[in-house]
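J.: Just so you know, the sequences run in chain order A and B.
My numbering numbers the first residue of the first sequence as 1 and each following residue consecutively.
My numbering numbers the first residue of the second sequence as 1 and each following residue consecutively.
Worth flagging that the hints you see were computed from the coordinates, not collected in a lab.
Among these hints, one or two may not hold up.
Since the list can't tell identical chains apart, any single copy or any two copies may satisfy a pair.
As the list claims (entries may be wrong) - Subject to a maximum C-alpha distance of 27 Å in a straight line, what follows is the list of computed DSS-like cross-link-like pairs (lysine-lysine):
(1) K183 x K219
(2) K80 x K15
(3) K183 x K201
(4) K197 x K80
(5) K15 x K108
(6) K150 x K15
(7) K53 x K219
(8) K150 x K183
(9) K197 x K219
(10) K53 x K150
(11) K15 x K183
(12) K14 x K191
Given the structure is predicted, the values throughout are model-derived calculations rather than measurements.
Protein chains: 2
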Amino acid sequence: MLTHLPLCSIPNPKKVLLVGGGDGGILREISRHTFVEQIDIYELDQMVIDVYKQFFPEIAIGYEDLRVNVNINQGVAFLKAVPEGTYDVIILDAFECMGATAIELANKEFLESVARPLHPRGVMSAPADSFWLDNFIVEDTIAECRQILKGSARYAWSTIPSFSWTIEFVLCSTVGLAVDFEKPINPLDTKNNGVAKGPPKFYNSQIHTTAFCLSSFAKKVGSAKF
Amino acid sequence: MLTHLPLCSIPNPKKVLLVGGGDGGILREISRHTFVEQIDIYELDQMVIDVYKQFFPEIAIGYEDLRVNVNINQGVAFLKAVPEGTYDVIILDAFECMGATAIELANKEFLESVARPLHPRGVMSAPADSFWLDNFIVEDTIAECRQILKGSARYAWSTIPSFSWTIEFVLCSTVGLAVDFEKPINPLDTKNNGVAKGPPKFYNSQIHTTAFCLSSFAKKVGSAKF
């Protein structure tokens with residue numbers, strides 16, 4: 001979901017940056033997108049890659065995509081150094097224990113470092129706080145994203161048993177035409193599985209739209225349109 | 001969801017039978033429906049009711065609805081004895097440890113005992129096996145429901161943190177016009193909260209539709225249209 005929600009929402013994404021995601025699963029999912037020409041991954045820990053290649057080859061298969069450039073380095077530092085407007089999509093696959101929480105996403109300096117390397121109408125995709133949490137601050141995060149990235153911003157969710165009952169995301173675009181994340185304009189070519197062994201097990205266009213339907217209690221947390 | 005999915009899907013439901021659900025939460029949700037004239041509950045254990053009334057009054061508040069008739073007795077035995085076509089909606093709030101699993105729902109005799117007391121175009125709503133299970137047999141359940149209740153049948157899901165990551169349902173109608181469960185024709189009157197203290201925290205019309213959107217892997221389990 002962290003991959004297809006942004007990549008299906010904008011036309012012809014060519015350059016993708018993945019920060020984290022060393023297991024290769026997101027690379028595998030990006031590989032299904034025919035428009036993508038370049039996939040750069042910044043992973044801190046080589047061991048993550050090695051372990052997944054040895055024990056979870058069906059996930060690490062993402063590394064077999066010839067468009068992938070692997071960098072064992074700090075993605076956050078790279079974001080600050082990369083030329084302006086380089087990427088169409090930046091996927092942050094980093095969770096609470098790694099630092100990129102919703103609090104981090106509401107950090108002005110961090111968001112500026114993500115906005116700068118994004119192409120106009122480029123999109124950022126990142127995990128966000130769960131709506132089941134007591135200290136749910138996503139309204140602030142969304143407001144900050146809108147202000148700094150200067151485009152559309154939405155809150156989305158899905159379900160994944162291995163993490164918790166639900167997983168939430170924030171999606172933001174930069175300056176330019178508005179992006180309607182809820183209605184994918186660049187649907188997956190289901191005949192092309194990239195390096196994956198078959199079509200996506202979870203994602204489909206209906207599930208894409210569903211990710212933006214929130215329960216009443218989650219909607220009511222704030223007045224901002226998530 | 002076990003309440004609103006059936007009650008919003010058919011016009012003017014008047015008589016509702018609840019089997020199980022002694023905590024009162026489903027009664028509270030039924031109480032929001034203005035068309036309902038009679039709510040019969042069959043709960044096996046008086047202690048469930050007493051404990052909820054003492055410790056969870058915001059859930060047990062459902063018993064304050066004057067349309068509720070409480071019966072401490074076996075709901076399954078009652079189903080076999082009640083006159084044909086009595087109810088518009090039958091809600092089975094019984095989970096695995098209580099006997100009404102998907103296996104139970106696929107039992108011909110049990111389904112016949114639910115079909116008989118239902119009014120033509122009446123609807124049954126019940127929990128069903130999770131699509132995350134290895135031994136997912138819902139395709140068989142749905143097929144059996146269609147054959148015995150002779151109406152529409154759909155598989156739905158939602159998320160609820162206190163039970164597990166997801167919760168699944170089966171919805172079936174009896175003979176008569178088809179029921180399109182995905183598109184509620186009898187939306188909740190949001191100005192009427194019945195005996196509840198406010199509007200539903202979770203349910204809304206968007207969430208209703210979302211309940212029928214399945215991931216690709218769940219859809220692929222069988223050829224039947226869930």
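J.: Could you run down the list of hints and mark each one as holding or not?
T.: Going through the hints against the structure:
no.	hint	verdict
1	K183 x K219	both (19 Å within a copy, 21 Å between copies)
2	K80 x K15	within (17 Å within a copy, 64 Å between copies)
3	K183 x K201	both (20 Å within a copy, 26 Å between copies)
4	K197 x K80	neither (36 Å within a copy, 51 Å between copies)
5	K15 x K108	within (24 Å within a copy, 56 Å between copies)
6	K150 x K15	within (20 Å within a copy, 53 Å between copies)
7	K53 x K219	neither (40 Å within a copy, 29 Å between copies)
8	K150 x K183	within (20 Å within a copy, 36 Å between copies)
9	K197 x K219	between (38 Å within a copy, 18 Å between copies)
10	K53 x K150	neither (39 Å within a copy, 51 Å between copies)
11	K15 x K183	within (22 Å within a copy, 39 Å between copies)
12	K14 x K191	within (19 Å within a copy, 49 Å between copies)
Of the numbered hints given earlier, the model fails hints 4, 7, 10; all others are met.
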